[in-house]
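Sequence order for the protein chains is A and B.
Every number in the numbering used here is 688 more than the matching position in the first sequence, counting from 1.
Every number in the numbering used here is 688 more than the matching position in the second sequence, counting from 1.
Treat each hint with caution, since some may be false.
Pairs involving identical chains hold if they fit within one copy or between any two copies, as the list cannot separate such chains.
[What the hints assert, rightly or not] Keeping only pairs whose Cα atoms sit at most 27 Å apart, straight-line, the calculated DSSO-like set for lysine-lysine is:
(1) 857 - 884
(2) 696 - 861
(3) 696 - 857
(4) 696 - 849
(5) 703 - 875
The set of hints was computed from the structure by calculation and includes no laboratory data.
Number of protein chains: 2
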Amino acid sequence: MESERFAKQMEFIVKIDELKSVIRQTALVDGSRQENVAEHSWHIAVMALLLTEYANTEGLDQLRVLKMLLLHDVVEVIAGDTFLYDDDSRVDQESREREAAGRIFGILPSDQAEELHGIWNEFEAQRTPEAMFAKALDALQPVVLGYANRGWSWRTHSIKKQEVLDHKKSMAKGSEYLWAYVQDLLKKAVNEGILKE
Amino acid sequence: MESERFAKQMEFIVKIDELKSVIRQTALVDGSRQENVAEHSWHIAVMALLLTEYANTEGLDQLRVLKMLLLHDVVEVIAGDTFLYDDDSRVDQESREREAAGRIFGILPSDQAEELHGIWNEFEAQRTPEAMFAKALDALQPVVLGYANRGWSWRTHSIKKQEVLDHKKSMAKGSEYLWAYVQDLLKKAVNEGILKE
Numbered sequence: 689m690e691s692e693r694f695a696k697q698m699e700f701i702v703k704i705d706e707l708k709s710v711i712r713q714t715a716l717v718d719g720s721r722q723e724n725v726a727e728h729s730w731h732i733a734v735m736a737l738l739l740t741e742y743a744n745t746e747g748l749d750q751l752r753v754l755k756m757l758l759l760h761d762v763v764e765v766i767a768g769d770t771f772l773y774d775d776d777s778r779v780d781q782e783s784r785e786r787e788a789a790g791r792i793f794g795i796l797p798s799d800q801a802e803e804l805h806g807i808w809n810e811f812e813a814q815r816t817p818e819a820m821f822a823k824a825l826d827a828l829q830p831v832v833l834g835y836a837n838r839g840w841s842w843r844t845h846s847i848k849k850q851e852v853l854d855h856k857k858s859m860a861k862g863s864e865y866l867w868a869y870v871q872d873l874l875k876k877a878v879n880e881g882i883l884k885e
Numbered sequence: 689m690e691s692e693r694f695a696k697q698m699e700f701i702v703k704i705d706e707l708k709s710v711i712r713q714t715a716l717v718d719g720s721r722q723e724n725v726a727e728h729s730w731h732i733a734v735m736a737l738l739l740t741e742y743a744n745t746e747g748l749d750q751l752r753v754l755k756m757l758l759l760h761d762v763v764e765v766i767a768g769d770t771f772l773y774d775d776d777s778r779v780d781q782e783s784r785e786r787e788a789a790g791r792i793f794g795i796l797p798s799d800q801a802e803e804l805h806g807i808w809n810e811f812e813a814q815r816t817p818e819a820m821f822a823k824a825l826d827a828l829q830p831v832v833l834g835y836a837n838r839g840w841s842w843r844t845h846s847i848k849k850q851e852v853l854d855h856k857k858s859m860a861k862g863s864e865y866l867w868a869y870v871q872d873l874l875k876k877a878v879n880e881g882i883l884k885e
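Using the sequences and the hints given, assemble the complete structure.
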């Protein structure tokens, strides 16, 4: 009974299970272990359900934002996770991920491959309000976890406040409100000794 | 700058991080470890993006399906995960989860608490096409993982094919197609010796 189309869809679904084993440089709130990409993607998708009112643009297509957040890191099944503060491995990140996107979405039936690859490209290009808001949530989440777990990642990697600000400032394009919140949170983190000035 | 409303939203976001530590009785495809609820929720949300064409009802509200899948297990932050085949702990599952839903969604500002609690209730009630399709995906995913990881959970808990069928048959209400697929997959699993007849 299984059609070729359905087989391709199931192959993709089984393949992306590997995202649960791609480890990020962010720890859980309780600091017990590092977060993986699948969990992170779920977390920011739920954040999108709650925080859309803080987007710079009103009337965002919420379904489109969710699709981007659920899929934005799927390429890491092939390309691995690139730590935001690792400038060496970020050099060829774009080309590695672009090639990975072709391979991973290429598993799907062509209509779905085209649609989802398009969603991924839209997120990467950062030109639509949906992409910019999705990116703001993607940038916000590790800061929220970092503050809650007393700076696990900042301390582990000796990261300074200015580095965080430099890497996060583009989130203002998606949400001035959330960017102001991040700046406040980082100030508090410095005052509490869990992030270097 | 932080409003009371925003503080409540962030409290919820930090609280549900605990879902990453609620462990299910399903292993990853590679069998390396058991899956947690946050990862599971992400996986079935991506499945919803790909498999809507197999729903019994055409023209489903995809955003509503995604909201249900992202939130359906949030109550397990308080109530814990209840194994489908554990009849003892399933006795009071409904009342435990109902009480947990009130507490967890009650963290949110009242308008969002009402909306998301409503989404959760809709999933639980299993009366709308969106809820029935979401439930079919929730039931399908562990079978797909179980077949791929050579019956980790079925072997660990000595589960028989008929028990799986009994617990999964309601998924036909959401998708006859996916239910037929599950029946096929379980037959294959028996033939390959990873599930008892």
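Hint check:
no.	hint	in the structure
1	857 - 884	within (18 Å within a copy, 56 Å between copies)
2	696 - 861	between (37 Å within a copy, 24 Å between copies)
3	696 - 857	between (39 Å within a copy, 24 Å between copies)
4	696 - 849	between (45 Å within a copy, 26 Å between copies)
5	703 - 875	between (41 Å within a copy, 22 Å between copies)
Violated hints for the displayed structure: none, as all numbered hints are satisfied.
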